[in-house]
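Note that the protein sequences, when read in sequence, are chains A and B.
By my numbering, the letter at position 68 of the first sequence is numbered 68, and the numbering carries on one by one without gaps.
By my numbering, the letter at position 248 of the second sequence is numbered 248, and the numbering carries on one by one without gaps.
Because the hints were derived from the structure by calculation, they are not lab data.
Hints are not guaranteed to be accurate.
[Unchecked claim] For each label pair, taking beta carbons as the anchor points, the in silico distance ranges come out as: (1) B:182 with A:264: 32 to 38 Å; (2) B:60 with A:40: 27 to 33 Å; (3) B:112 with A:298: 34 to 40 Å; (4) A:264 with B:146: 19 to 25 Å; (5) A:107 with B:30: 40 to 46 Å; (6) A:13 with B:203: 24 to 30 Å; (7) A:13 with B:202: 24 to 30 Å; (8) A:50 with B:66: 52 to 58 Å; (9) A:157 with B:146: 29 to 35 Å; (10) A:124 with B:49: 54 to 60 Å; (11) B:26 with A:107: 51 to 57 Å; (12) B:202 with A:124: 19 to 25 Å; (13) A:241 with B:59: 39 to 45 Å.
Idealized CB from N, CA, C, for every residue including glycine.
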Amino acid sequence: MAAYVVRRLFFSLFVLWGAVTIIFVVLRLVPGDPAYIMLGPDADQAQVAALRAQLGLDQSLIQQYATYLANVVHLDFGESFRLNADSMSLVLQRVPATIQLATTALLLSLLIGLPLGVIAALRAHSWVDRSISVFSLMGQSTPSFWLGIVLILVFARGLKMLPSAGSGTWAHLVLPTITLALPFLAILVRLTRSGLLEVVHEGYVQTARAKGLGEGIVVLVHALRNALIPIVTVVGLQFGALLGGTVIVETVFAWPGVGRLLIDSIGRRDYGVVQASILLVATIFVVINLLVDLLYGFLDPRVRLAGD
Amino acid sequence: MPAPVAVRRRTRAGSARIRFGFAVIAVYVVAAAIGPWLFRYDPVGTRTADRLKPPFTRLSDGSFAIFGTDQVGQDLFAQMLQGARISIAVGLATLVLAGTIGVTIGLAAGYFGGWLDGVLMRLADIQLAFPSILLAIFIAALLGPSVVNVVIVLAVANWVTFARVARGQALATRRREFVDASRTLGAGTWRLVTRCVLPACVAPVLVVATVEIGHVILAEASLSFLGLGTPASTPSWGVTIANGRNYLADAWWISTIPGIALAFLVISLGVLGDALRDRYDPRLRSL
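The shape of chain B in the complex, shown without the other chains (with noise of 0.2 Å):
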């Protein structure tokens, strides 16, 4: 029986969302993987003979600044590819070790449940009645800026989603007759977990990493804005935007192209990973 029309039109346009999301990640990526070995750029470097010129500027060495130049005459294009690796980097990282902590806990609390699960799951109440950014923005202020550090801070800050993810998932899979079956054929609570429990979650986590990357790459452009992210040395989208904001007078450029990148990115993922989880599960909707 072919499916209704609504629903049809729903999938087709799901699936046209994802093919969208996609492209346009992969764009960036490849930006962000081989766009600073084509176009170099040196952190150090200064030249004062171009400072400052606006987009579509032909250098005094010849090259050509489709973006314009910066305060100390670097080429915006050159810088925000470098910006491209750090902040995709950064989101990676931050999601590989938030989805690591996360999931650990969540199905230490969903499958042992218990006291460990009460203890645990207040923890992250309390840390979701708690605004997110202030406690990244005490952490950062602490621990100083630099990469690893936002990492770090971003991760503490966002673990709470993927725990949540996957304490529901052991929870509905503990009792599953699988895993009764494996466990009366004599399987150990290690390989029950990371055998029959783990996999349950493998698909619902990448469908929240997907949803949460776009916002932790916001976090960290936002972190660095605020001077509290990568160091002033590393540029990413959020150093350079803050650069700029001394010379919006001359040079309107610097800080509002960056940010068209970053909020075309953002959309991209954000599309993508409601895509995504439409398809694939619903129920994650209220998260």
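Just chain A, same shape as in the assembly (with noise of 0.2 Å):
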């Protein structure tokens, strides 16, 4: 298991190597001096030259790729000129409204999205199965900005239960908590659907209904444990997509959360925040996905053991 440990932990840091890397190259293939693309057109020749010295532009590349390295190492993306702060406490500041939304978006999706995908893998190929299929279907293909504009006009213009905007309370969080969990959550009913019906006809299972034990303890217990193993892995994957949609709906819902503030940099054309945020969100990908592969190695020996 240490090994094992061990290389997953290796393979992190190099992913995070590369994103920082893909940052650096990105900034550096953009045509146009990145002092001017970062100040835009009306700075002044003063401001160009300060940026282009503070970004070590007057440097040869290795050297440049050393220094950024070296700032990202100590978490250092310089002054926001724009806030008047450091850009990375900055980003900082709004994670835990970002980590509060994706969360409880994740728990909404598993506490739905799990049982749907059982229930349409029981009951496989009936109308009840073909119902939640064309669910899922609408969840992944809905856009999830449009979602949450038909959300706000129906429960906070029309109905007036919810606020359209803003944090502060539990009521705040319900309209972009359903907007978030949707694609997620109609990705989880398929996995499981599948997950399921794939260890349904496996000997194991066969040999729980045989020894007499009921359907539900046959689904619940023998073949749903098996099942989750790859769900869990393909969870980490798509966390991705999860935390990426928070950018969309933080701005729907003027939720402050690293989202929003990215958006309204790019506005502002603030790329020191611009690459905090973004390596910030990555960085939290990249170490929920360690845990997704150390959880996988715990639930299934043959991974952990594959490589040793």
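Using the supplied hints, reconstruct the complex from the two chains, each of which is provided in its own coordinate frame.
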């Protein structure tokens, strides 16, 4: 197990290094002077020169890359001159709101998605299964920014039941959570259904049935446990889409998280904050996938033994 | 011997899904192709007398606005037809670019193997471990909003799936007897890759493209909604929905109707993609 943990840890670090490098490369590949792009057309020469020096644009590419890596390791993305504060601490202030939104959306998806998937698999090819599949397909295909607007129209403006924007109370959390959860929930339903259908004909499930166990116990105790193993991995990977979705949901509902800060900062050309938010979200995602991989190794011994 | 009932029923359901998908998409494509000629849309025109009129209104010039008008008095239906053209064109262009990049990289990795395969596939791993909408947002933020930039951004964010499929096919094909036979007959690497390995990739790549185009169209709309996709003067569906947000109290139709059109197109593409995948290549399901 120790070797497996170390291997996964190295892979996570490698991915983070890759993400940092991609950002560096993209910043340098974009046509034009990065300092000029960052400051915008209304910047004066002195500002451009100052930012060029700060970014080290007068040095060689290798030196620039080394400086960049060193700054990232120290979580130093420079001052946000628009907000007069350290870029990284601005982003960190917004993290709890995003985590809150993402976690409630994840919980909601699990609470609804798993049971729906199980029901669909138990009643495979019936009208119940078809209705659940249609719901799942619609959930995956509905643009979340549009769903958010429709929910605001119906529940905030029409029925006046829930607030349309902002944060603070549980009521504020309801509409953004539903909007963020729906596509994730839809994928979860599909995965649970197909995962269960794959194992129901396995020998150990038939053995459980042959022992005379009730169908409920056979499915929940014997089949679902093994069906869950691949689901866990995909849930980890899809969590990235959910984190990406927070950008849109936070914009629609004026939720004060990292995603909205990111979009606001792009509008203000505050690229220190932009980089800090993107790298922070990527880090959260990598850490979650590391945890998922470790959990996977714990759930399924074949995985951790494969490479030893 | 006749096929078992369950299999037959599923195949028939599969072809029904394929027909449904193709039919809906055909309607969208035709609407996008000829609609803007029949219903003129002027991106800079304003008609203040007809501002924010609800659906089924007769306008001041006598024309009939079936979906109502927007904040500058433009007919929403005409705007959506123009938007369909943009969304579908961006989706197709993105797939062609992402497919070309992905298949080239995948073929190179799968055919040559070794360190090249290692480097390219680690690059793919890194990108998969990075929420693709974030990468798209970052690049779009630097490049600025334009139709060409959206295509570039979305292609960079979506090449990996194509690369994986092409690599898998290349690995499976390069050791086959007919490839060895061509090699023995003196065919060069270029000929082997383009004539023997590439054709084996076409079918699975087309299936993946059908599954992906819905995602791409959604991603374009999302970027445009955030102000990072097509510019405000180009009324893609995302732009129209974003504009309508400011008029929710007076004009619910501006944001909601284009969203329904968008969702229905993406659903149809999803149905078609899934049905094609189930029929021709169930192994691709994990992608």
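Outcome of the hint check:
1. Between residue 182 (chain B) and residue 264 (chain A) the C-beta distance comes to about 58 Å, which lies outside the given range of 32 to 38 Å.
2. For residue 60 (chain B) and residue 40 (chain A), the Cβ-Cβ distance of about 41 Å falls outside the hinted range of 27 to 33 Å, so the restraint is violated.
3. At roughly 37 Å, the beta carbons of residue 112 (chain B) and residue 298 (chain A) sit within the given window of 34 to 40 Å.
4. For the pair residue 264 (chain A) and residue 146 (chain B), the beta carbons lie near 21 Å from each other, so the given range of 19 to 25 Å is met.
5. One distance hint, 40 to 46 Å for the beta-carbon pair residue 107 (chain A) and residue 30 (chain B), holds here, with the actual separation near 44 Å.
6. Remark: the range hint 24 to 30 Å for residue 13 (chain A) to residue 203 (chain B) is contradicted by a beta-carbon distance near 38 Å.
7. Between residue 13 (chain A) and residue 202 (chain B) the Cβ separation comes to about 38 Å, which falls outside the hinted range of 24 to 30 Å.
8. Judged by the Cβ atoms, the range 52 to 58 Å given for residue 50 (chain A) and residue 66 (chain B) holds: they are separated by roughly 56 Å.
9. A C-beta distance of roughly 34 Å is found between residue 157 (chain A) and residue 146 (chain B), which places it inside the suggested range of 29 to 35 Å.
10. For residue 124 (chain A) paired with residue 49 (chain B), a C-beta distance near 57 Å keeps the hint of 54 to 60 Å intact.
11. The hinted range of 51 to 57 Å is not satisfied by residue 26 (chain B) and residue 107 (chain A), whose Cβ atoms lie roughly 41 Å apart.
12. Taking the beta carbon of each, residue 202 (chain B) and residue 124 (chain A) are about 33 Å apart, not inside 19 to 25 Å as hinted.
13. About 42 Å separates the C-beta atoms of residue 241 (chain A) and residue 59 (chain B), a value consistent with the hinted range of 39 to 45 Å.
When each numbered hint is compared with the structure, violations occur for hints 1, 2, 6, 7, 11, 12.
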